[in-house]
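Take any residue in the sequence shown, note its place counting from 1, add 389, and you have its number in the working numbering.
The set of hints was computed from the structure by calculation and includes no laboratory data. Misleading hints may appear alongside valid ones.
In silico DSS-like cross-links for lysine-lysine, where the CA-CA straight-line distance does not exceed 30 Å [unchecked claim]:
1. K744 - K691
2. K734 - K669
3. K479 - K432
4. K765 - K843
5. K503 - K463
6. K669 - K545
7. K463 - K420
8. K463 - K545
9. K540 - K452
10. K775 - K843
11. K540 - K479
12. K452 - K463
13. K846 - K825
14. K691 - K669
15. K479 - K420
16. K825 - K843
17. K765 - K825
18. K545 - K503
19. K765 - K737
20. K875 - K846
21. K540 - K627
22. K420 - K432
23. K737 - K691
24. K691 - K775
25. K775 - K875
26. K765 - K669
27. K420 - K503
28. K452 - K420
29. K503 - K452
30. K775 - K744
31. K734 - K540
32. K825 - K734
33. K691 - K765
34. K765 - K744
35. K627 - K744
36. K737 - K825
37. K843 - K744
38. K846 - K765
39. K452 - K479
40. K843 - K875
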Amino acid sequence: MRTVENFEWFRNTVAELTNDVERIRLLSELKLAISSLNSSQLKLIANSIPLEVLFDCLNSSEKEQIDLACDVMKTIMSSWEPGAVLAQYKIQLQRALGHPTPQARVMVLQELNKVLSDGKPVSRLNESEDLLLAVLDCVRHEDSSVYEKAKDVLAKLGATPEGLRLLYGQALLNELISSMGQSDIVRFRVYEIITDVSVNSESGLRASHTSGLLPSLMSELDSDDILLQLNALELFSKLAVTPHGFQYFRQRGVLATLADKVLNTGESPFGSLLLPGLIKFFGNVAHSWPQEILTEFPSVVKALFEVLDSSDFVLLGTVMETLGFIGTSPQGKQALHNLGDSMSKSMKMLGNNIKTLPAEWKVRALNTVANLIQVKPADQTPTLQKITRSWFASLATDPMELIMHVGRQPFPELKLAVLQVLNVLGEQQWGQEYIKGFAGLIEFLLDRSTEATKLCKDAKYEVLRTIVSSPTSESVFGIETILRFKNYIREGPVYVHVETEVAIEGSS
390 MRTVENFEWF RNTVAELTND VERIRLLSEL KLAISSLNSS QLKLIANSIP LEVLFDCLNS
450 SEKEQIDLAC DVMKTIMSSW EPGAVLAQYK IQLQRALGHP TPQARVMVLQ ELNKVLSDGK
510 PVSRLNESED LLLAVLDCVR HEDSSVYEKA KDVLAKLGAT PEGLRLLYGQ ALLNELISSM
570 GQSDIVRFRV YEIITDVSVN SESGLRASHT SGLLPSLMSE LDSDDILLQL NALELFSKLA
630 VTPHGFQYFR QRGVLATLAD KVLNTGESPF GSLLLPGLIK FFGNVAHSWP QEILTEFPSV
690 VKALFEVLDS SDFVLLGTVM ETLGFIGTSP QGKQALHNLG DSMSKSMKML GNNIKTLPAE
750 WKVRALNTVA NLIQVKPADQ TPTLQKITRS WFASLATDPM ELIMHVGRQP FPELKLAVLQ
810 VLNVLGEQQW GQEYIKGFAG LIEFLLDRST EATKLCKDAK YEVLRTIVSS PTSESVFGIE
870 TILRFKNYIR EGPVYVHVET EVAIEGSS
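Sequences are here, hints too, so could you generate the full structure?
This is the structure:
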């Protein structure tokens, strides 16, 4: 093992790297030796190693040599202060960004990400336009790992006013626009970058709009290519959940345009393919802005409710998950309740789905029910508990029988979904009353033998923990039952009771 005492060994080994024949052996030894150093030793050694020789090792067609050189340099650069490598080796970094192998490019992009995470980094890049153009070139790279690292660099660059001026300066902006003409994939990579910049701040959004790139993204909604529209919707969702992004789309009529698309999907030959993406978009936005979306676009919500009895399972699954997502928060529950009897009708459709659909969609329907009726203790108000109780009651004439009928089936995924509903019921007093009032359910919860998998045993255990931790549980179940629950919890989810046999002398 090499230690800091072998200071000269490191210097000599790096110096010997000028010998092309021995490079792979020497790099292997360096990698092993450096990996044995602690952080303080590494810092001392790293500061004494000239990186020029290691960068020169990238000038090779030998993949093993390139990989080793990258590994050694990444370790060394990790101990340098942010910006130090850039200050001394900008030319080498820029050259490596054009390297034919993804590993070399990723190594440099990781270092630039480190520089930009320093808090006061952009000034170091003010005179590095060529370097930033090389980063933009990585956006076009066929290897997605190179693009992802380049995207991170550019998004971080756009996180400050100074960085925004660089990113949307004439040279870089022209390069971004030029890149977009290469292919649909590269164009949407650029859109993803400007979306991340816009999400980060209102000033980033304004700059992205002024550049023309954000309006260009919005124009993709007019494309005849459904896949491009779906990709655009996914990016819109990221931006629309921010306060400034929501207002931007609202003021420019984008939300209204998308609402019209929901209502008119039947008129388009490919409308059914676009509808799941539109529903997801409005679901994501309504999760963050439930009152605004459900009040301003009731027709969209109505269309969502109508799909709950759809025979298109893909669309149905999307709608169920979206409805549950909107109703996850207290604000979402209240906004859904304000729609009148639409929710009680929707709950009946969910109940029918739980009863009749194949197992995978039963699970989705049960998960939706759990999201809709869950109210965490800190959010429990008489109004919310009244709402969730009425929704649960609307599932079926006997909602507990509906749920437990599924729970009796010998399929772990169904049991887990049912136990999740029971866990949610166990958080609220009215839910505890349902559990207590259903014949045999307490014994079912206390019987470990009904569950064949550890996941189900753990889920049942969590139901009892939830009940016991509730301040209303003792008054609902009584002290004797709560003591039985506590004993179960103390023994754990996989406890096995063993009968002890005692041998009696003389017995035969």
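Evaluation of the provided hints:
{"no.": "1", "hint": "K744 - K691", "result": "holds (23 Å)"}
{"no.": "2", "hint": "K734 - K669", "result": "holds (21 Å)"}
{"no.": "3", "hint": "K479 - K432", "result": "holds (21 Å)"}
{"no.": "4", "hint": "K765 - K843", "result": "holds (26 Å)"}
{"no.": "5", "hint": "K503 - K463", "result": "holds (11 Å)"}
{"no.": "6", "hint": "K669 - K545", "result": "holds (28 Å)"}
{"no.": "7", "hint": "K463 - K420", "result": "holds (10 Å)"}
{"no.": "8", "hint": "K463 - K545", "result": "holds (20 Å)"}
{"no.": "9", "hint": "K540 - K452", "result": "holds (25 Å)"}
{"no.": "10", "hint": "K775 - K843", "result": "violated (35 Å)"}
{"no.": "11", "hint": "K540 - K479", "result": "holds (20 Å)"}
{"no.": "12", "hint": "K452 - K463", "result": "holds (16 Å)"}
{"no.": "13", "hint": "K846 - K825", "result": "holds (20 Å)"}
{"no.": "14", "hint": "K691 - K669", "result": "holds (15 Å)"}
{"no.": "15", "hint": "K479 - K420", "result": "holds (23 Å)"}
{"no.": "16", "hint": "K825 - K843", "result": "holds (25 Å)"}
{"no.": "17", "hint": "K765 - K825", "result": "holds (20 Å)"}
{"no.": "18", "hint": "K545 - K503", "result": "holds (10 Å)"}
{"no.": "19", "hint": "K765 - K737", "result": "holds (24 Å)"}
{"no.": "20", "hint": "K875 - K846", "result": "holds (16 Å)"}
{"no.": "21", "hint": "K540 - K627", "result": "holds (15 Å)"}
{"no.": "22", "hint": "K420 - K432", "result": "holds (15 Å)"}
{"no.": "23", "hint": "K737 - K691", "result": "holds (15 Å)"}
{"no.": "24", "hint": "K691 - K775", "result": "holds (23 Å)"}
{"no.": "25", "hint": "K775 - K875", "result": "holds (29 Å)"}
{"no.": "26", "hint": "K765 - K669", "result": "holds (25 Å)"}
{"no.": "27", "hint": "K420 - K503", "result": "holds (21 Å)"}
{"no.": "28", "hint": "K452 - K420", "result": "holds (16 Å)"}
{"no.": "29", "hint": "K503 - K452", "result": "holds (25 Å)"}
{"no.": "30", "hint": "K775 - K744", "result": "holds (25 Å)"}
{"no.": "31", "hint": "K734 - K540", "result": "violated (45 Å)"}
{"no.": "32", "hint": "K825 - K734", "result": "holds (27 Å)"}
{"no.": "33", "hint": "K691 - K765", "result": "holds (28 Å)"}
{"no.": "34", "hint": "K765 - K744", "result": "holds (27 Å)"}
{"no.": "35", "hint": "K627 - K744", "result": "violated (35 Å)"}
{"no.": "36", "hint": "K737 - K825", "result": "holds (23 Å)"}
{"no.": "37", "hint": "K843 - K744", "result": "holds (26 Å)"}
{"no.": "38", "hint": "K846 - K765", "result": "holds (23 Å)"}
{"no.": "39", "hint": "K452 - K479", "result": "holds (24 Å)"}
{"no.": "40", "hint": "K843 - K875", "result": "holds (20 Å)"}
Checked against the numbered hints given earlier, this structure breaks hints 10, 31, 35; the rest are met.
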